[in-house]
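Colleague: Read off the chains here:
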Amino acid sequence: MFTLIKLIQSLFGALHSEGTPGQLAAGIVLGSFLGLTPLVNLHNAIIFAALVLLNVSFAGGMLGWALFVPIGFVLDPLFDWIGHALLLDVSFLTPLWTSLYNMPVVPLTNFNNTVVLGSLVFALVFALPLFFVMRWGVARYRVTIGERVRQSKGYRTIMASKAYNVYKLFKP
Amino acid sequence: MSERIKIFRWRAIGPLLVLFVIAGVLWWLFADTIARHESQNIGTQLLGAKVEIRYLHLDLAHGDVTIKGLTIASPHEAFKNLLQPDELVADLDMLPLTEKKLVIDRIVANGLRFGTPRATDGRVPAESGQGIAGSVLAETRAWASRFQIPVLQLATGKIGVDSLDPRRLSTIPAADALGARADSSRRAWQTAFDTLRLGPTLDSASATLERLRRARATDLATINTARQTIDRLKRARDRVATVERNVKTGVSQLQAGLAGLDSARQRDYAFARGLLKLPSLDAPDIGAAVFGPGAIKPFEQALYYAKLARRYMPPGLLPRAATGPSRVRRAGETVRFPKERALPAFLLRSAELSFLGYAGRLTGLTSDPALYGRPTAFAATGPQLAAGAMLNHARSIPVDTAGATVGAVQFPAFDVPGVPLRLDPGAATTQLGFNLNGDTIHARFAIRSSNVRWTRDSGFANSAIGNLVWRAVSGISNLDVETRLSGALEHPALAVRSNLDQAIAARLRAELGAQVAAAEKQMRARVDALVNAKVGPVRARVTEVQTQAQTQVAQQRARIDELQRNLEQRLRQLLGGVRLP
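As they're listed, the protein sequences go chains A and B. Just so it is clear: in the first sequence, position 17 is 17 by the numbering used here, and no numbers are missing. Just so it is clear: in the second sequence, position 465 is 465 by the numbering used here, and no numbers are missing.
Think of the hints as simulated: they come from the structure by calculation, not from any bench. Just so we're clear, the structure is a prediction, and the values are computed from it rather than from any experiment. For glycine and all other residues, C-beta sits at the position ideal for the given N, C-alpha and C. Please note that a few of the clues may not be correct.
Which stretches of chain B does chain A cover? Using the computed rule of at least three CB atoms under 8 angstroms from a CB of chain A, they are [as the list claims (entries may be wrong)]:
#	region
1	11-18
2	90-103
3	322-336
Same shape as in the complex, but just chain B (with noise of 0.2 angstroms):
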């Protein structure tokens, strides 16, 4: 008899239970060092910047969690960080944990900082564009690069035309488009009065005219072939009547092409326009040419934040995917699934923040916001500072709104697009808006300070242009810009307004308005002599063709009828007002 095989290997349970007790000791000697370098990674993947942690300690019997040394880099802008608290301290709720869920009751955060500068690049997806950080990223840089900003280009040398490509000009291929038509309805028109056959017609009726002449009363059969020569006479009136109309079509056809050759030279000039880079004399182009480029960049960033909330924050309670852990293996995807009356996979109840004489709060901050039921709050307030923001995600279209005023800002000086200038805004005030109300965008940033300050480059201290603007602008202290956006989200209209607009652009068109005008009727010039040589003999066939076609409607018409009516009256005159059957 076999001996009967042991399903259970008893002598391995103290290898096993040594094994999860160096496990334990090994959970216990690194558990910091562990929770660290997850939180830093998980934090630089959500946020798509580095997030290091200093020092961070885990005490599981309280539920404390306190990080010291945190830094979180902008994901704007390389050598910048976007806060750094001194010390945060996290009140964990423990059970939700088993159920690998984070809730934390409240977070007290103190000696927060923004914008601390760093000694290297903190973004991570800017350059991979990976993730949903980087994903995102990339979203909201290709949405700030559609903005068509306007190019304030003060030209310094001689305008000349010789660039304009004779190709590139709309209006030729429009003209040989429709030539080519107006001969395709010559050659349609002619087979239509071929078709006609009215010679026969015609000839048959002006021999039955010379019968009736010399008939009599009682020449019946002579009376009875005059009535059926005028039914055929009617019958190809009615058939030239035909052409006359599809004729009528094609000649207003014609016409409306005739138009929009006339628009192809507009937009012509226009293409010529900007080759020549004439400076805008119009104030809200100067605007938009000046400051549209850094005003684009709050919206951009305000947005970047609102899509990211989007994503991690969503309405509803559908599963969603998300690109799991890093790890050797593929990560996969991570799915939630979020349950009515359960917990949220993340939920931050409630933080206070403080800084410098500044304080903060934020309340629900959460993965699943239909769970929690409630928007996500912030308000901070201090000397020169409102901040507030909310994020409505609860319902099923997600409203987005954030306002800030911020006093004493020392905005960096800048070089003034197209201007060899440099203005420095100095300390100013700026504002915020921004709502985003499902795919609807209203935003508006402006900037107010009253000790602006102006200098030239002195590379450019001999271009005219440059002195003009510098003579416009230097004795102007104040400074006042104010950018609106507004309408969907993938088109929104941008506008911008400031008090230098009006400036320049009065002293561009005093100093510069001769000259742009000549330049533009140079422009105009040499537009039309490409185009006139072939417009001009296209005006012509048109016109030939509509002419050739409508006269010879006019003259078949006008046989037809001379005939039907002398065949009439002879008839007339032979019955005597008698009517035959």
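The shape of chain A in the complex, shown without the other chains (with noise of 0.2 angstroms):
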């Protein structure tokens, strides 16, 4: 119960956010790599410190995150399928993992793993799809609906909650 409500805050409070659409966008973006991906691997950590680092909206992260992690499961075979097939069947690539599993620090990202590489693969080819539409959704939703949201009487409820406040901490 409590994730829920954290997640419809965090939904609401992105979408009301100061930030730009584009910073919304670019935080729902980078949160998708952290629910597409298995979590516990080198990458999500930098993936992390960017989305506190980089001046996008910690909120999206936070609410793309919450949102992809049900899809990765559900897409867990297709990760494997593409992540195999990068790894095993696309022969002129061996080299270029070959060199990658032998160097300093690189295997501990797991990219050698199939899920994960066919999970971040997706998610890079997936990334810039997924930015310019949440960028012309968050704009289209501020212009139409947004204000008549934010006057509501439910809204005020969710965002007078004390959990707000952690994510008023990284507000773009």
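Combine the two chains into a complex, taking the hints into account.
Modeller: Next up, the structure:
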């Protein structure tokens, strides 16, 4: 329940934040990396650091993460297939993987796992379309029903929750 | 003019650094616990049996790992541990860790114990059959189950053949098929005779012969007709010869069918004999029946570890996929990409093992033998022990060899299969030799004991055959069993020999020979009664068809020959040796 409230807070907090639609979309894209790829991997530490350090919507990142976690679970068979194809079936990539595998640090990213590589490649390919769609969607929301939602009683109730303050720390 | 958006959020550096510091502190606090859990999980996954660690300490500054209370369960026995060292200290090479490679320069293991009992079942993939260890275990179990161990069945009641089902006899369908083939041959040959149309040819030849007998030497038309008739007779004889060849071929096939019925009858005798559950009187069968089930186990276990080694230590440098780490998300596959002149993903350069006055040494255990370039070697010596193993996967065809001689091994007593007896081998000397060269296996397992003890099951005190076997073996105090396995790994030949074989076989033959012979005679008579009712008529039909076809061919041929001979003789008489154009 608390997770759901946080998700809703995150959604509305992000949509009505002072950040531009581009910042919000960029945050969602970075969050999608966290959600689509298996979490405990070195590349996600870098993504998280970027989400914190770059002037993108942190709330958007949390929203993207929350939204894409279930999608990641559902798409795992697809990621496995993509990763398997890239790692084992595309022969001209083998020298690249061999070099990366025998380099310092790079193997710690677990790139040689089919699900990790498949999900990362999918997230990378998906990033630009997701960014543009999200930017357009947020802009449309704000010019259409955004103000009415902001004035609604429900919105004020949700935003009054103390948990929202945590998100305000990283608002753009 | 709009305010330029900043790219970096500098004020977040502080919280991020705090987060990293917290993560570092948590790592420092829980590194040992995390490493312990991960080692347990990975070890369990690799070996197919529970790996438990009571204490693990990482000293990254010195590259040392200390493990205490390590317990590795047996993947084959539910409540037994494979080994249990008191303490294990590993000296790690730190630099390869940055490449996610584990290189251990040296391991010292003290206080090793083998085969200790455990309270819970330590077999993990035995139930699930998942992972490499699980699939290898399933493979080796399937391999072991393919051996056809004869069963030493000692019938204690009346021998009967009531359960003989005629539908399971192979002679009867074979006889039906042969009968149908005989009918088919008869029809085919009759058709062939009919298409010869010999009647008009023979009638015409008879008429020509009559005219020729009344003709004079100047009756050139009749003479020419006679010559043409002779030519037609020759052609008719050729056609008959063709049919005759077909008949001969068909007859030989029918004869082969009759011989096949005899073979099928022999198979039916063997099948019916199996239903009788007669005791085998052949010594090798008795040896295999008594010791076969137990003797296959050491081979099965040795093969399990050899196959496991081949899966984890494959030859060559091709990319290798293995099941990924367990996690909430799908595990996927983790692919290794070995590279020439690079470090292997795992390498244990040297391990020194000590246990109860024994000493062992393991060298070159690696995930990429082609990179390491040398075989993995193991040797252990001590009082009553000599063991060695070599896993040579550095070349394209892996060769796995192991040998061990262990004295004073206390084997548990076991029930002799099919006989109400229990054998306690006592303290025995065992030898195991194992060689898996590519897909060819040669293995030997031997047990020798000089203080065997026999006990009999009181529930079978009145069993005549139980008494018989008891009298045969109870006086034997020596045990000498040797099991050999050789041939292609998928279908090796198993041979079991023991000093008990001859003793039991001789006693059984002396006491049961007459009874077994009578039962076999009765069984044969029953099979014959069922089979003869079908085979007799079929045999008669085949003979009739053969005789009929051969007689028909012979008659037609004789008639043609006779007419041709008479025509030629009359022509010679008319012409008096003069050759006309």
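Colleague: Run every hint past the structure and note whether it holds.
Modeller: Going through the hints against the structure:
Here's how the region 11-18 of chain B fares: 4 of its residues keep a CB closer than 8 angstroms to some CB of chain A, so the rule of at least three is met and the hint holds. Coverage of a stretch by a chain is defined here by at least three residues with a beta carbon nearer than 8 angstroms to that chain's beta carbons; for the region 90-103 of chain B and chain A the count is 4, and the condition holds. With a threshold of 8 angstroms between beta carbons, the proposed coverage of the region 322-336 of chain B by chain A holds, since 11 of its residues qualify and at least three are required.
Violated hints are absent here; each numbered hint is respected by the structure.
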